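For the record, the sequence lines run as chains A and B. Residues in the first sequence are numbered consecutively from 458, following the working numbering. Residues in the second sequence are numbered consecutively from 458, following the working numbering.
It is worth saying that the hints were derived from the structure and are not from the lab. There's no promise every hint is true.
[As the list claims (entries may be wrong)] Result set (DSBU-like, lysine-lysine): computed pairs, CA atoms no more than 35 angstroms apart in a straight line: (1) B:K522 <-> B:K617; (2) A:K706 <-> B:K706; (3) A:K753 <-> B:K554; (4) A:K735 <-> A:K617; (5) A:K824 <-> B:K554; (6) B:K466 <-> A:K554; (7) A:K692 <-> A:K617; (8) A:K503 <-> A:K515; (9) A:K466 <-> A:K735; (10) B:K735 <-> B:K706; (11) B:K713 <-> A:K824; (12) A:K554 <-> B:K847; (13) A:K503 <-> A:K477; (14) A:K554 <-> B:K706; (15) B:K824 <-> B:K554; (16) B:K554 <-> A:K525; (17) A:K692 <-> A:K554; (18) A:K525 <-> A:K477; (19) A:K503 <-> A:K692; (20) A:K554 <-> B:K554; (21) B:K525 <-> A:K503; (22) B:K525 <-> A:K554; (23) B:K847 <-> A:K477; (24) B:K554 <-> B:K522; (25) B:K824 <-> A:K706; (26) B:K735 <-> B:K651; (27) B:K503 <-> B:K735; (28) B:K651 <-> A:K554; (29) A:K824 <-> B:K824; (30) B:K713 <-> B:K617; (31) A:K824 <-> A:K847; (32) B:K753 <-> A:K554; (33) A:K713 <-> B:K824; (34) B:K477 <-> A:K554; (35) B:K847 <-> B:K522; (36) A:K713 <-> A:K651; (37) A:K847 <-> A:K477; (38) B:K617 <-> A:K706; (39) A:K824 <-> B:K706; (40) B:K554 <-> A:K847.
Note that the structure is a prediction, hence the values are computed from the model and not measured.
2 protein chains.
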Amino acid sequence: MAASATISKTIYLGPFVHSKSLAELEICENGAIGVDENGIITFVEKNIQSTDTLISQKPEWQNAKVVKILNNGFFFPGFIDTHVHAPQHPNTGLFGKTTLLDWLQTYTFPMESSFSDLQRANRIYQNFVSRTLSHGTTTAAYYATIHVPATNLLADTCLKRGQRALVGRVCMNSNLSPEYYRDASTESSVRDSKASIAYIRSIDPTGEIVKPIITPRFAPSCTSDCLSAISQLAKNADTHIQTHISENKNECALVKELFPDSTSYTDVYDSHGLLTPKMILAHAVHLSREERDVIKARGSKISHCPASNTAITSGCCPVRTLLDEGHTVGLGTDVSGGFHPSILENVRQAIWVSRHLSIETGAESDKLSTEEALYLSTRGGAAVVGLESKVGGFEVGMEWDAQMIDLGEVDEQGNGGSFGGPVDVFGWESWGEKIEKWVYSGDDRNTVAVWVRGRLVHRTGRFAGSQG
Amino acid sequence: MAASATISKTIYLGPFVHSKSLAELEICENGAIGVDENGIITFVEKNIQSTDTLISQKPEWQNAKVVKILNNGFFFPGFIDTHVHAPQHPNTGLFGKTTLLDWLQTYTFPMESSFSDLQRANRIYQNFVSRTLSHGTTTAAYYATIHVPATNLLADTCLKRGQRALVGRVCMNSNLSPEYYRDASTESSVRDSKASIAYIRSIDPTGEIVKPIITPRFAPSCTSDCLSAISQLAKNADTHIQTHISENKNECALVKELFPDSTSYTDVYDSHGLLTPKMILAHAVHLSREERDVIKARGSKISHCPASNTAITSGCCPVRTLLDEGHTVGLGTDVSGGFHPSILENVRQAIWVSRHLSIETGAESDKLSTEEALYLSTRGGAAVVGLESKVGGFEVGMEWDAQMIDLGEVDEQGNGGSFGGPVDVFGWESWGEKIEKWVYSGDDRNTVAVWVRGRLVHRTGRFAGSQG
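Next up, chain A with everything else stripped away, as it sits in the complex:
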């Protein structure tokens, strides 16, 4: 029952930046955003003259706390990680030259199976939630493991630390998985999933911070029988669902072999009733146009995981094409297929993947812009997890899920100063250029504070100086 830390009515003062649309970033240099005791944005002023003028117009905010951007900084919406395997974090950076199917057997299943040990699970989950918060991730769609106690522990951890999360116990009952790490039967798969859903709903009944999500690993991990039962459970329990689709060519061939009656990988999920508007499909690299049309017609969402797709050589997701076709797309770190827990790294990787596609096709239109990639990391991701009315941008009525970005500055002698951050701002840059410097050379050092629903959930030493 955490997440109840007292929140003061606060004015966030200074530049803020968020996506106005897929193509356009809005930069308000003289901004002021009022957030109430419930973490709800009450006013958004885009061009204030002075704090005094602001207060004279809003006398009820006279005694509010003020959190102020000092210089070369701005508020930015918290990142949404739409696909991430928390228990795989100890393998972050370990993948060698494997591709999906041997990567699962070599690295993933042995690691995940160890989460039967709850003390070990606690160490890793504490570490990983700290790590993702430090990278500005305010919402994550987590895959846990097959273990109910460890899955519940992940939900407890997110709730306590104040990170919004969809937390899913992984369903996997087929013999693709080794005997030491799979659900014993369809019945146990459903029973354990139900138990975890019930627990997560008991600790956060409103689901404001943590929610359950039904998580069939991917088609080859589940029998047809299990997929049907899980699908029924998702309907009965009215939950989100997450799975993988069309990540790797060998995987696609395997699905064809395992589900000979289905016309496509997409049809496997569709024919089992899993393609709902609450379904998050990770990867979507090798889908045909027909499959994409079905996904769009069903209103299912797509999580693009560029770092993972590059690292384990899965392929290039045609993300600009998906956007042109009107899909709802967000970004996923896919730790540990993805080698980095940061969504900012995945903003860059999404751009690199799109450029590699452009190199191959010669089409300028395959290139994702900085603005578009930032949209995917915030508003796009929010829409993928069904929170587009609450988070991903700064508007009245939305909730204060935000990060304070601080870029520091280079002094006249060329020193970056005591800050030690990775970005060099000389002072002549436009606001658009400052944001590009953050995107292309910034990291967690620049994320000096992070809030979820108005609650401060992460801060660095650099934040101390900016509280009024």
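Since the structure of chain A is provided, determine the placement of chain B on it from the hints.
Chain B only, in chain A's frame:
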């Protein structure tokens, strides 16, 4: 006349890691490396029993200083950046959707031309040399600008800070460059290059730390007349040479148009006598097999710049093919076509580029391994700049150009501890896995100390604890 800071005879104690060959990394857990007052490696012990035993066998080292790895750390050779434009650093991260030729006009020429202002040049060069040292770059092949005073200042800065550097005044006299930023004539191009060579040789007569390098920007920037004169100068002055080759398809077409008598881009340089064993060719993305054979026959070297090639959509350099053909290859950040001043980032980017090639070709053999990429960043780069007998690895007679890597550790509660580094080591990782974690999620925070020729040239607060 700097670089003369007093160096104590020092034993570097603890794990060290370096490339044994392109394919193999040598990891010595119980290492001890003795470095004398001149920065020369005097002994390399790969498996010591204890410090006492070591000293009993080497009594003359009894009073030597000891620098010790504390835990989850290791010594690694300094990185070699074989292609980097120091004056472009204020544009790091700024490139938008441009490709080479419009990128030059939009971002690069305006920035470089401002280096006529020496105070501005000083601020930027101080900043950038600090920045590259902090990323473990112990040797860099720098392009400066056309300005003699600012080029000389860059050489002064490297010498003072102790970073090995080849520093080149850029030659560019053709009308590809705007009137406000080009050499006035072939004569002035040669005269200014000579002046800068003479100055750099005057401040470091042995060339141990800084050396001049003749730098015709690239074929389209120079008239044929100028290329011939520059080539003659390189022979007379016996210097290294650096330029760009075959980076972008539009550039290749332009070269064909500008040099109709040459049979290829490579032939432009070859026919002007520039393809010597002291030539460093950056990019080499779109070369034909015939061109690569000429380059190999001439003994010229290749700087692979993966981050740049991806960011400005130049293409995928077939680096595994180059290695199979026996080319000498190193890595270059190519700041600011490249979006990051770190060679470690370019180790990763080289791997990503090779995987994108593999995705396209389906060939497993296109994939660069972690070990191969690390080789390119150290021994490969050393061979590109002609320093393979001095730096890039740890052997008796070589010089102590090294970085101390510290990965920190995750405690039992899951905290990364006070260190705040980007890597999470839980304690069960093998040494190979620790190195992979460093490569794929590490950054400058893990580089806690850097030495060139035995001189400490960079350190972070984290280093304080490790001096015995």
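Hints, verified against the model:
As the CA atoms of K522 of chain B and K617 of chain B are separated by approximately 24 angstroms, the hinted pair is consistent with the 35 angstroms bound. Of the supplied pair hints, the one linking K706 of chain A and K706 of chain B holds, its CA atoms being roughly 30 angstroms apart against a limit of 35 angstroms. Under the criterion of a C-alpha separation no larger than 35 angstroms, the hint pairing K753 of chain A with K554 of chain B is consistent with the structure, at around 29 angstroms. Restraint check for K735 of chain A and K617 of chain A: the C-alpha separation of about 25 angstroms stays at or below 35 angstroms, so the hint holds.
The hinted pair formed by K824 of chain A and K554 of chain B meets the criterion: a straight-line CA distance of about 8 angstroms does not exceed 35 angstroms. Between K466 of chain B and K554 of chain A the alpha-carbon distance is near 42 angstroms, which puts this suggested pair outside the 35 angstroms criterion. With a C-alpha separation of about 28 angstroms, the suggested pairing of K692 of chain A with K617 of chain A holds against the 35 angstroms cut-off. At roughly 15 angstroms between alpha-carbon atoms, K503 of chain A and K515 of chain A fall within 35 angstroms of each other, so this suggested pair holds.
The straight-line distance between the Cα atoms of K466 of chain A and K735 of chain A is roughly 33 angstroms, inside the 35 angstroms bound, and the hint therefore holds. Taking the CA atoms of K735 of chain B and K706 of chain B, the gap is about 26 angstroms. The hint holds against a cut of 35 angstroms. For the given pair, K713 of chain B sits about 27 angstroms from K824 of chain A by alpha-carbon distance, which is consistent with the 35 angstroms threshold. For the hint linking K554 of chain A to K847 of chain B, the alpha-carbon distance of about 32 angstroms falls within 35 angstroms, and the restraint holds.
This hinted pair checks out: K503 of chain A and K477 of chain A have alpha carbons roughly 13 angstroms apart, not beyond 35 angstroms. Distance restraint check for K554 of chain A and K706 of chain B: the Cα-Cα separation of roughly 30 angstroms lies within the 35 angstroms cut-off, and the hinted pair is therefore satisfied. Simply put, K824 of chain B and K554 of chain B have alpha-carbon atoms about 27 angstroms apart, close enough for the 35 angstroms limit, and the pair holds. The hinted pair formed by K554 of chain B and K525 of chain A meets the criterion: a straight-line CA distance of about 33 angstroms does not exceed 35 angstroms.
Proximity of K692 of chain A to K554 of chain A is assessed by CA-CA distance (about 39 angstroms); at most 35 angstroms being required, the pair is judged violated. Taking the CA atoms of K525 of chain A and K477 of chain A, the gap is about 23 angstroms. The hint holds against a cut of 35 angstroms. For the given pair, K503 of chain A sits about 42 angstroms from K692 of chain A by alpha-carbon distance, which is inconsistent with the 35 angstroms threshold. Taken as a hint, the K554 of chain A and K554 of chain B pair is honoured in the structure, with Cα atoms around 31 angstroms apart against an allowance of 35 angstroms.
For the proposed pair K525 of chain B and K503 of chain A, the alpha carbon gap of about 54 angstroms is over 35 angstroms, so the pair is violated. Using a Cα cut-off of 35 angstroms, the hinted pair K525 of chain B and K554 of chain A holds, with the two alpha carbons roughly 33 angstroms apart. For the given pair, K847 of chain B sits about 55 angstroms from K477 of chain A by alpha-carbon distance, which is inconsistent with the 35 angstroms threshold. Distance check on the hinted pair: K554 of chain B and K522 of chain B sit about 52 angstroms apart at the alpha-carbon level, beyond 35 angstroms; violated.
For the proposed pair K824 of chain B and K706 of chain A, the alpha carbon gap of about 17 angstroms is at most 35 angstroms, so the pair holds. About 18 angstroms separates the Cα atoms of K735 of chain B and K651 of chain B, which keeps this hinted pair within 35 angstroms; it holds. The hinted pair formed by K503 of chain B and K735 of chain B meets the criterion: a straight-line CA distance of about 34 angstroms does not exceed 35 angstroms. With a C-alpha separation of about 48 angstroms, the suggested pair K651 of chain B and K554 of chain A falls outside the 35 angstroms cut-off, and the hint is violated.
Taking the CA atoms of K824 of chain A and K824 of chain B, the gap is near 24 angstroms; set against the 35 angstroms cutoff, the hint holds. About 43 angstroms separates the Cα atoms of K713 of chain B and K617 of chain B, which puts this hinted pair outside 35 angstroms; it is violated. Pair hint K824 of chain A plus K847 of chain A holds up; C-alpha atoms about 29 angstroms apart against a cutoff of 35 angstroms. Using a Cα cut-off of 35 angstroms, the hinted pair K753 of chain B and K554 of chain A holds, with the two alpha carbons roughly 29 angstroms apart.
With a C-alpha separation of about 27 angstroms, the suggested pair K713 of chain A and K824 of chain B falls inside the 35 angstroms cut-off, and the hint holds. Taking the CA atoms of K477 of chain B and K554 of chain A, the gap is near 20 angstroms; set against the 35 angstroms cutoff, the hint holds. Restraint check for K847 of chain B and K522 of chain B: the C-alpha separation of about 23 angstroms stays at or below 35 angstroms, so the hint holds. The suggested pairing of K713 of chain A with K651 of chain A holds, with an alpha-carbon distance near 30 angstroms, which does not exceed 35 angstroms.
With a C-alpha separation of about 15 angstroms, the suggested pair K847 of chain A and K477 of chain A falls inside the 35 angstroms cut-off, and the hint holds. About 54 angstroms separates the Cα atoms of K617 of chain B and K706 of chain A, which puts this hinted pair outside 35 angstroms; it is violated. A threshold of 35 angstroms between alpha carbons decides the hint, and for K824 of chain A with K706 of chain B the separation of about 17 angstroms falls inside it, so the pair holds. Distance restraint check for K554 of chain B and K847 of chain A: the Cα-Cα separation of roughly 32 angstroms lies within the 35 angstroms cut-off, and the hinted pair is therefore satisfied.
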